[in-house]
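2 protein chains.
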Amino acid sequence: MPWEFRSDCPIYAQLIEKIEQKICSGVYPPGTKLPPVRDLAQEAAVNPNTMQRALARLEDVGLLYTHRTSGRFVTEDTDLIRQLKNRLVQEHIRDFLEKMRQLGFGREEILAAISRIMEESKDE
Amino acid sequence: MPWEFRSDCPIYAQLIEKIEQKICSGVYPPGTKLPPVRDLAQEAAVNPNTMQRALARLEDVGLLYTHRTSGRFVTEDTDLIRQLKNRLVQEHIRDFLEKMRQLGFGREEILAAISRIMEESKDE
DNA sequence: ATTCTTGTATTAAGACCTTAATACAATAAT
DNA sequence: ATTATTGTATTAAGGTCTTAATACAAGAAT
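If you read the protein sequences in the order shown, they are chains A and B.
If you read the first sequence in the numbering used here, its first letter stands for residue 1, the second for the next number, and so on.
If you read the second sequence in the numbering used here, its first letter stands for residue 1, the second for the next number, and so on.
Keep in mind the hints are simulated off the structure, nothing from the lab.
The beta carbon of each residue, even a glycine, is placed where N, CA and C say it ideally should be.
Nothing false has been slipped in among the hints.
Mimicking BS3-like on lysine-lysine, the simulated pairs with C-alpha atoms at most 25 Å apart in a straight line are:
1. Lys18(B) <-> Lys99(A)
2. Lys85(B) <-> Lys122(A)
3. Lys99(A) <-> Lys85(B)
Calculated Cβ distances over 10 Å to all of chain A for the following chain B residues:
4. Pro48
5. Gln52
6. Ala56
7. Asp60
8. Ser70
9. Asp77
10. Gln83
Can you build the whole structure from these sequences, using the hints too?
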């Protein structure tokens, strides 16, 4: 199934986010070999160059590493992964709270609204 | 003060979000006259064309309307504004919950994490 | 009537994003 | 040794985004 992208942001940036998510959530566990660029590109329905660009960025920050010809692997540095996960969680929460605050929601209202929507989608 | 933009998304898209926020939160109340395009552009530190593009989109959805030469105004349709606000709230919550879920957070953990971060930034 | 202010349109340039089509180097697999 | 697989690099094309510099039309202000 092709990955889904918003049209308002560069695909390569969205690829980075998605792959980070997959690493943090254990879809791609530490030390695991990733599928080849070409396969990943096809899976995401994206040009290999675009996928390559995203992977290169993730390599820059140490999340992936490459054995020139045998493939690309997720780092075994579980500490780094945990740091990333914490960073993402913090960012998501802060961004969310800021958006809600700007819409005039106080702390209690935010929690209430979340609980309500959680209830609504409980049956999934 | 120039508005702030992320580098990973088109400016015009971010302008749309910001202006929507300002309308929903009452910074630009219903029926109010907006500053001229040129002023808004300067305030945001953006090219007038870019600001114009964002405003045109907001007009497309009925959130703004124009009197050709006297200026641009926020709609007086408070119902439309309320609908937008509800839509934004829902989107923000759903997006947030989805991201957290993908990081392995259950409902309780999400609420706990939010409460914790709320506490941390209580003194602002 | 004249000038100012407003939104709008146009053209050009440069930067970035995406795709496509190749090609190459180095190791793995046979 | 030969072939296949892997990441990587290059070039070209077309699209979008952003800025810049103008110009115009029409109502507002004087």
